[in-house]
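There are 2 protein chains.
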Amino acid sequence: MTRAPDMPAPIMEDWPKIVLARPQMGENIGAVARAMLNFGLCGLRIVEPRDGWPNPKAFAVASGADVVLERAQLDWSLDAALADATLVVAATARPRYLEKPVWGPAEAAANIRAALAQGEKPVVLFGPEASGLDSDEVARADAIVTYPVNPGFPSINLSTAVALFAFTWGLGRQETSAPEWFRDAVSPPATQADLDAMFTHLERELERGRFFHPPDKTPLMKRNIRSLFLRARLTEQEVKTLRGLIKALVIGRGGRKVGDDPA
Amino acid sequence: MTRAPDMPAPIMEDWPKIVLARPQMGENIGAVARAMLNFGLCGLRIVEPRDGWPNPKAFAVASGADVVLERAQLDWSLDAALADATLVVAATARPRYLEKPVWGPAEAAANIRAALAQGEKPVVLFGPEASGLDSDEVARADAIVTYPVNPGFPSINLSTAVALFAFTWGLGRQETSAPEWFRDAVSPPATQADLDAMFTHLERELERGRFFHPPDKTPLMKRNIRSLFLRARLTEQEVKTLRGLIKALVIGRGGRKVGDDPA
Numbered sequence: 223m224t225r226a227p228d229m230p231a232p233i234m235e236d237w238p239k240i241v242l243a244r245p246q247m248g249e250n251i252g253a254v255a256r257a258m259l260n261f262g263l264c265g266l267r268i269v270e271p272r273d274g275w276p277n278p279k280a281f282a283v284a285s286g287a288d289v290v291l292e293r294a295q296l297d298w299s300l301d302a303a304l305a306d307a308t309l310v311v312a313a314t315a316r317p318r319y320l321e322k323p324v325w326g327p328a329e330a331a332a333n334i335r336a337a338l339a340q341g342e343k344p345v346v347l348f349g350p351e352a353s354g355l356d357s358d359e360v361a362r363a364d365a366i367v368t369y370p371v372n373p374g375f376p377s378i379n380l381s382t383a384v385a386l387f388a389f390t391w392g393l394g395r396q397e398t399s400a401p402e403w404f405r406d407a408v409s410p411p412a413t414q415a416d417l418d419a420m421f422t423h424l425e426r427e428l429e430r431g432r433f434f435h436p437p438d439k440t441p442l443m444k445r446n447i448r449s450l451f452l453r454a455r456l457t458e459q460e461v462k463t464l465r466g467l468i469k470a471l472v473i474g475r476g477g478r479k480v481g482d483d484p485a
Numbered sequence: 223m224t225r226a227p228d229m230p231a232p233i234m235e236d237w238p239k240i241v242l243a244r245p246q247m248g249e250n251i252g253a254v255a256r257a258m259l260n261f262g263l264c265g266l267r268i269v270e271p272r273d274g275w276p277n278p279k280a281f282a283v284a285s286g287a288d289v290v291l292e293r294a295q296l297d298w299s300l301d302a303a304l305a306d307a308t309l310v311v312a313a314t315a316r317p318r319y320l321e322k323p324v325w326g327p328a329e330a331a332a333n334i335r336a337a338l339a340q341g342e343k344p345v346v347l348f349g350p351e352a353s354g355l356d357s358d359e360v361a362r363a364d365a366i367v368t369y370p371v372n373p374g375f376p377s378i379n380l381s382t383a384v385a386l387f388a389f390t391w392g393l394g395r396q397e398t399s400a401p402e403w404f405r406d407a408v409s410p411p412a413t414q415a416d417l418d419a420m421f422t423h424l425e426r427e428l429e430r431g432r433f434f435h436p437p438d439k440t441p442l443m444k445r446n447i448r449s450l451f452l453r454a455r456l457t458e459q460e461v462k463t464l465r466g467l468i469k470a471l472v473i474g475r476g477g478r479k480v481g482d483d484p485a
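Chains as they are written, first to last, in the working numbering: chain Z, 223 to 485; chain V, 223 to 485.
Calculated from the structure, these hints are not laboratory results.
What you are looking at is a predicted structure, and each value in this text was computed from that prediction instead of being measured.
There may be inaccurate statements among the hints.
It does not matter which identical chain is used: a pair holds within one copy or between any two.
[To be verified] Dumping the calculated EDC-like pairs for lysine to aspartate or glutamate here, alpha-carbon to alpha-carbon at most 20 Å: (1) K469 <-> E458; (2) K279 <-> E249; (3) K279 <-> E351; (4) K462 <-> E427; (5) K444 <-> D356.
Pulled out of the complex, with its shape left as it was, chain Z reads as follows (with noise of 0.2 Å):
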């Protein structure tokens, strides 16, 4: 990038995070840095990217947007990754046995203005280039956002995905959008670290009940359990309420006391 002298700063919006689950190929680490930059994001987590980082091939291809990659956090877990998002939308065709809202990339990027502009921490979470989000990846985000694509020929470049959902953020910069989907709870907004330590703890007492059978459903029946909390968009205080719940719940099963949970 030839920075011109009359050039202004860029525009550089730390949230929505952008976080790559899983990425291949640094080229389009990037060109997904290109991309951001070029409507005004530059939060990005990277989780557990195929060949390592820094990476010198994604800081050729980001042509000038190195600043985005500099501050990139690398993180070796989706887990970590989402620890203090409380909106988690996955960029991913629309999911068959899933049910979450659906939502067009503009109606995506009102309701992350509207989680921002009440504080929330959103991220949009893309898959690896090949494959995509797998079904678990898929289960932890509250809402998808999908893109209307050819039905004969779905299947986006990663970057271009990025691109599309950043150009659509920037698109609605300037208007001041009302909140089509919002919360108006008092207490803050749970977050993916509040609610993994609950799904956790729910799913080692289902699991110690014999809730989870026959063993091939179980990963099915665990997404299906996860994505009924997550439509909820519980905040800190109700998964505090769910969790005791659970431990009232276990307590009355094998005479097991509140306190035994090590979680």
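Use these hints to put chain V onto chain Z, whose structure you have.
Leaving out everything else, chain V in the frame of chain Z:
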């Protein structure tokens, strides 16, 4: 691309044409083809590709959009690529010295759709990776399409730029958008070949008349004249009329007769 057995045949719209002027990297041409087909476009014209054509790197990156590359029309001049076009929209930053309509992406898509509905042949013109369209190329356009980019980091990757157009085009496919911009002439619109011949004719006569002075201002003067006429969105009949008008003026100047002009 893996085609699922239940995948429908892809949407493949031949118009508007995407014209790549002097593209440098085969990878980018392939990424353009993929992004086009993702949103149902398959009319590609490639002008003076730096590395020749066909280019195996383009096919590698197209990820299954080979049909777009196989059908692509290769042209060794922009004149040839635009010859049958009746509406040329150039993707570029807002030009400083040309008076042309400047459209946002949604506006461009709506106007191109309206033109198509009236039987026009619209093309969208994209410049090379490093430098974008030059002034003479931009001067050929009836209108500019520009994206709301970060003013501090405006340089978009070529395939991203095409993807943003194709995406916006696809968004409008289901909408019954009111024609915001159209011509309501009885005569068919002039083609670029008609207009080119007229400009060549006009400029030759202007040179003979020592109109272009000083010499270093000639290119700019020519562009401004072209822009002026292009804004008028001339019909075929109007171009004939103007050419007759030029001839008539020339006769008065030096005693030459109608019919001397070899074009």
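Against the structure, the hints:
1. Taking the shortest alpha-carbon separations for K469 and E458, only the intra-copy value of 17 Å comes in at or below 20 Å, while the best inter-copy value is 81 Å.
2. Within a single copy, K279 and E249 get their C-alpha atoms as close as 5 Å, and across copies as close as 15 Å, so both meet the 20 Å cut-off.
3. Taking identical chains as interchangeable, the C-alpha atoms of K279 and E351 lie at most 20 Å apart whether they share a chain (16 Å) or sit on different chains (18 Å).
4. For a Cα distance limit of 20 Å, the shortest separation of K462 from E427 inside one copy, 16 Å, qualifies, whereas the shortest one across copies, 84 Å, does not.
5. Taking the shortest alpha-carbon separations for K444 and D356, only the intra-copy value of 14 Å comes in at or below 20 Å, while the best inter-copy value is 57 Å.
Of the numbered hints listed earlier, not one is contradicted by the structure.
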